[in-house]
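Undergrad: Listed below, chain by chain, are the residues.
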Amino acid sequence: MRIFSTDHKVVGLQYGWTSLTFLLLGFLLILLIRWQLAWPADPLPLGGLLGAGNAPGGFMLPEFYNQLGAMHGTIMVFLAVVPLAVGAFGNYLIPLMIGAPDMAFPRLNMLSYWIYLMAGLVMLASFFLPGGAANSGWTAYPPLSILATSGQTAWLVGMFLLIVSSLFASINIIVTILQLRAPGMTMMTLPFFVWSQLVTSFLLLLAFPPLQAAAILQLMDRLAGTSFFLPSGLVVSGQALAVSGGGSPILWQHLFWFLAHPEVYVLILPAFGIVAEVITTSTRKPLWGYRGMVGAALFMGFMSFLVWAHHMFLTGMGPTMSAFFQVTTMIISVPSVIILSSLVLSLHGGSIRFTVPALFALAFLPMFGIGGLTGLPLGLAASDIPLHDTYYVIGHFHYIVAPGTLFALFAGIYHWFPRISGRLLDERLGRWHFWGSLITMNLIFMPMFAQGLAGLNRRLFDGGRTYAASAGFEFTYELQAWAAVALGLVQLFFIVNLILTLRKPRTAPDNPWQSTTREWQGRS
Amino acid sequence: MIDQWLPPQGSAHAPEIDLVLRLVHWLMFALFAGWGAYFVWVLIRFREGRQPEPDLADTRGRPALWSEIAIVAAEGVLLVVIALPIWFRQTLPPDTTAPSTTVVRVIAEQYAWNIHYPGADGEFGETRIELVSSSNPVGLDRSSLHGADDLVTINDLHLPINRPVEIRLSSKDVIHSFGVAAMRVKQDAVPGLLSPVWFTPVLAGTFDIACSQLCGLGHYRMKGQLTVESETEYAAFLSAEAAIQVGGVPGVRASAVSHDAQEQVVARGPTGTHGRDDQ
Numbered sequence: 001m002r003i004f005s006t007d008h009k010v011v012g013l014q015y016g017w018t019s020l021t022f023l024l025l026g027f028l029l030i031l032l033i034r035w036q037l038a039w040p041a042d043p044l045p046l047g048g049l050l051g052a053g054n055a056p057g058g059f060m061l062p063e064f065y066n067q068l069g070a071m072h073g074t075i076m077v078f079l080a081v082v083p084l085a086v087g088a089f090g091n092y093l094i095p096l097m098i099g100a101p102d103m104a105f106p107r108l109n110m111l112s113y114w115i116y117l118m119a120g121l122v123m124l125a126s127f128f129l130p131g132g133a134a135n136s137g138w139t140a141y142p143p144l145s146i147l148a149t150s151g152q153t154a155w156l157v158g159m160f161l162l163i164v165s166s167l168f169a170s171i172n173i174i175v176t177i178l179q180l181r182a183p184g185m186t187m188m189t190l191p192f193f194v195w196s197q198l199v200t201s202f203l204l205l206l207a208f209p210p211l212q213a214a215a216i217l218q219l220m221d222r223l224a225g226t227s228f229f230l231p232s233g234l235v236v237s238g239q240a241l242a243v244s245g246g247g248s249p250i251l252w253q254h255l256f257w258f259l260a261h262p263e264v265y266v267l268i269l270p271a272f273g274i275v276a277e278v279i280t281t282s283t284r285k286p287l288w289g290y291r292g293m294v295g296a297a298l299f300m301g302f303m304s305f306l307v308w309a310h311h312m313f314l315t316g317m318g319p320t321m322s323a324f325f326q327v328t329t330m331i332i333s334v335p336s337v338i339i340l341s342s343l344v345l346s347l348h349g350g351s352i353r354f355t356v357p358a359l360f361a362l363a364f365l366p367m368f369g370i371g372g373l374t375g376l377p378l379g380l381a382a383s384d385i386p387l388h389d390t391y392y393v394i395g396h397f398h399y400i401v402a403p404g405t406l407f408a409l410f411a412g413i414y415h416w417f418p419r420i421s422g423r424l425l426d427e428r429l430g431r432w433h434f435w436g437s438l439i440t441m442n443l444i445f446m447p448m449f450a451q452g453l454a455g456l457n458r459r460l461f462d463g464g465r466t467y468a469a470s471a472g473f474e475f476t477y478e479l480q481a482w483a484a485v486a487l488g489l490v491q492l493f494f495i496v497n498l499i500l501t502l503r504k505p506r507t508a509p510d511n512p513w514q515s516t517t518r519e520w521q522g523r524s
Numbered sequence: 001m002i003d004q005w006l007p008p009q010g011s012a013h014a015p016e017i018d019l020v021l022r023l024v025h026w027l028m029f030a031l032f033a034g035w036g037a038y039f040v041w042v043l044i045r046f047r048e049g050r051q052p053e054p055d056l057a058d059t060r061g062r063p064a065l066w067s068e069i070a071i072v073a074a075e076g077v078l079l080v081v082i083a084l085p086i087w088f089r090q091t092l093p094p095d096t097t098a099p100s101t102t103v104v105r106v107i108a109e110q111y112a113w114n115i116h117y118p119g120a121d122g123e124f125g126e127t128r129i130e131l132v133s134s135s136n137p138v139g140l141d142r143s144s145l146h147g148a149d150d151l152v153t154i155n156d157l158h159l160p161i162n163r164p165v166e167i168r169l170s171s172k173d174v175i176h177s178f179g180v181a182a183m184r185v186k187q188d189a190v191p192g193l194l195s196p197v198w199f200t201p202v203l204a205g206t207f208d209i210a211c212s213q214l215c216g217l218g219h220y221r222m223k224g225q226l227t228v229e230s231e232t233e234y235a236a237f238l239s240a241e242a243a244i245q246v247g248g249v250p251g252v253r254a255s256a257v258s259h260d261a262q263e264q265v266v267a268r269g270p271t272g273t274h275g276r277d278d279q
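From first to last, the protein sequence lines stand for chains L and W.
If you number the first sequence the way the working numbering does, the last residue is 524 and the count never jumps.
If you number the second sequence the way the working numbering does, the last residue is 279 and the count never jumps.
A couple of the hints might just be wrong.
Said to hold, decoys possible - Derived, one-sided and incomplete: chain L residues facing chain W with beta-carbon distance under 10 Å:
1. 205
2. 384
3. 522
Said to hold, decoys possible - Computed, partial: chain W to chain L, Cβ under 10 Å:
4. 14
5. 39
6. 159
7. 161
8. 162
9. 163
10. 169
11. 190
12. 212
Calculated from the structure, these hints are not laboratory results.
The beta-carbon is built from N, C-alpha and C at its ideal position, and this holds for glycine as well.
Construct all of the structure, not just a fragment, from the sequences and the given hints.
TA: What follows is the structure, given as structure tokens:
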């Protein structure tokens, strides 16, 4: 395997290993946060290793806490989950599934991986800048982000590179699927996984450019003295800020969420695709309602461009505007319900084999269900008032992304590992990995709904200990911290499984799950 | 089902917000329970041991379609009949010209809530950036037409009970969010915008004002206190403040709860920078 390869399988694997590394890093950052939230008055174990600028004597500084929060979100969304779902699974599987010799633009494909890696390294290096990494949240709201330390500049440069990489990848996937299908393979005979990647790529292609423009504007505000996002009359630390002013902080939020809401569907659509393939294979029955699901995915992709401002109900947006976005938000729940129902109904009449990939794919259904349902009170502006910016929101989107999308991605890894490596991952270690992750993730995320209903805010360095809303939640904080530690330990089953299996001979049969999709027919 | 976690209902509109929360959680619970029961049944019924060969002719179209229509209908009713009217009532301005309305300005800054009362004449004096200092955090011009009797406190908001309140919310530096869980009130304070917030406190007591939007390293300690009290207590509070602020040296007095915040403002000073003084 050459390092600078244009082969889609090599590029896919490079995406896979890199994004799994970022997944681990992003998890380690949040592990520090969970420990800090549970015992804010105590030094962190091994906290001295973080350096005196971040945690003097092991006591975490609030500046560092904010860096951890911002970088956890950024790394998980942009450097771990999406590259794994699209870069790794898409690159590796799409040409095999549609009978193409490679991606349409192999060199562009290679370039997109290397730019992604560069973006990731810029993000990581920013921890070593004066003032550390970006600390204004993964949403980078100005004016805070414009006043922030130099880590924010690195964040913007990293995002710029990442978007370039993502645009290359999405164009490549779209052209490949539309142009390089094997003779006789029509659009309506594509595996649902390929459809999910196609819609995802259109979302990436159309939603990312506004954020790229916004990132350039914010960079200008930070470096060139412009005021795209800075209003007149700012007084910071008692000093009038010497900027030209006249800009709008809300403009950034519109541009950011115009990307970041479709991004939610970028996170979830490939997961639907993987779950559909794994479920049909392990029930030995075709997908129920394939046409409806394709239609729902297309409709969902379109609607995802019309819901962004439901993240902004409390910015002072007019009631008419927010009424519009509440209606579109309720509408976009329909295609999710259709896809989820179709997946569940596909089980009916099947002969379900509870293999490890099947377990992850089946658990995805109720976990994503919880994530989707808890979006309802957040999508209604009236009930969003008490829940906005509380742990309820964190619980909601983590159910979608962690035991949701991540479980689907794990299902995909266990499912296609024999296709990739010629070896089957160990079932017993896989089961421990599954049950351990399922239990610990629920212990971490379920209490967040109670915390949020009580009015406990997110992003508080001391877990909101001085607020009345935190009363009675000390225990849940500690439970969440221990569950996070356990979640980390459980991942060792997965890591050990990967290492041990890769050291074994290639003994897996060509099609161990008796799947009917094309990627299993013959070796390439 | 969720009542055990909700904060006390401190404002007139709190029961309405809680009604939406309750209804939507019942809907969520019903959907999850019904759907989860079916899911578990399918897993048991169609496991490989019980169903060695898949039944390829099996379809379940009609019930699925009906259940989807029912979900859409429930969401539609929830949105149109309940949630939207409550949201409109809460966001459209009430009659704030009524003399009974308490009007207060709240000016957020890293990391404190500056509260500006109009004083005895009920009109706010002018504020100017050049006048902002550690002793005059809102830049109040006492020589302006209505400025002589204005009162400014830090992190200490007093309101009379059972009277509509209009809070004129703004920010000096970055985006903050004025959140009072017990009042079911939360509104971003965006620099460059003046965002009005309306509610009627109906529960006497003290409540946390929590900054609900990440605003920097001191975000976690940007905490104010709302005291809802009777008319007479409120009047006594205002006159006590007036005696200190307007009777003597013009300036600001922070009460006991906000002692920390005042120290920070003073320590920072007009030329100070954000330090790591909070450690």
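Undergrad: Give a verdict on every hint.
TA: Comparing the hints with the structure gives:
1. For residue 205 of chain L, the interface hint is violated, since its Cβ never comes within 10 Å of a Cβ in chain W; the closest pair sits about 30 Å apart.
2. Against a cut-off of 10 Å between C-beta atoms, the interface hint on residue 384 of chain L holds, since the closest Cβ of chain W lies about 9 Å away.
3. Interface hint at residue 522 of chain L: violated, since its Cβ lies 25 Å from the closest Cβ of chain W, which is beyond the 10 Å cut-off.
4. At its closest, the beta carbon of residue 14 of chain W sits 9 Å from a beta carbon of chain L; the interface hint therefore holds under the 10 Å criterion.
5. Because the beta carbon of residue 39 of chain W sits about 6 Å from the nearest beta carbon in chain L, less than 10 Å, this interface hint is met.
6. Interface hint at residue 159 of chain W: violated, since its Cβ lies 17 Å from the closest Cβ of chain L, which is beyond the 10 Å cut-off.
7. Because the beta carbon of residue 161 of chain W sits about 19 Å from the nearest beta carbon in chain L, more than 10 Å, this interface hint is broken.
8. Below 10 Å, beta-carbon pairs count as interface contacts, and residue 162 of chain W has none with chain L, the closest being about 21 Å; its hint is therefore violated.
9. The beta carbon of residue 163 of chain W comes no nearer than 21 Å to any beta carbon in chain L, farther than 10 Å, and the hint placing it at the interface is violated.
10. Satisfaction of the interface hint for residue 169 of chain W is found here, the shortest Cβ-Cβ separation to chain L being roughly 8 Å, below the 10 Å cut-off.
11. Among the interface hints, the one on residue 190 of chain W holds; its C-beta lies about 6 Å from the nearest C-beta in chain L, closer than the 10 Å criterion.
12. Against a cut-off of 10 Å between C-beta atoms, the interface hint on residue 212 of chain W holds, since the closest Cβ of chain L lies about 4 Å away.
Hint check: violations occur at hints 1, 3, 6, 7, 8, 9; the rest are consistent with the structure.
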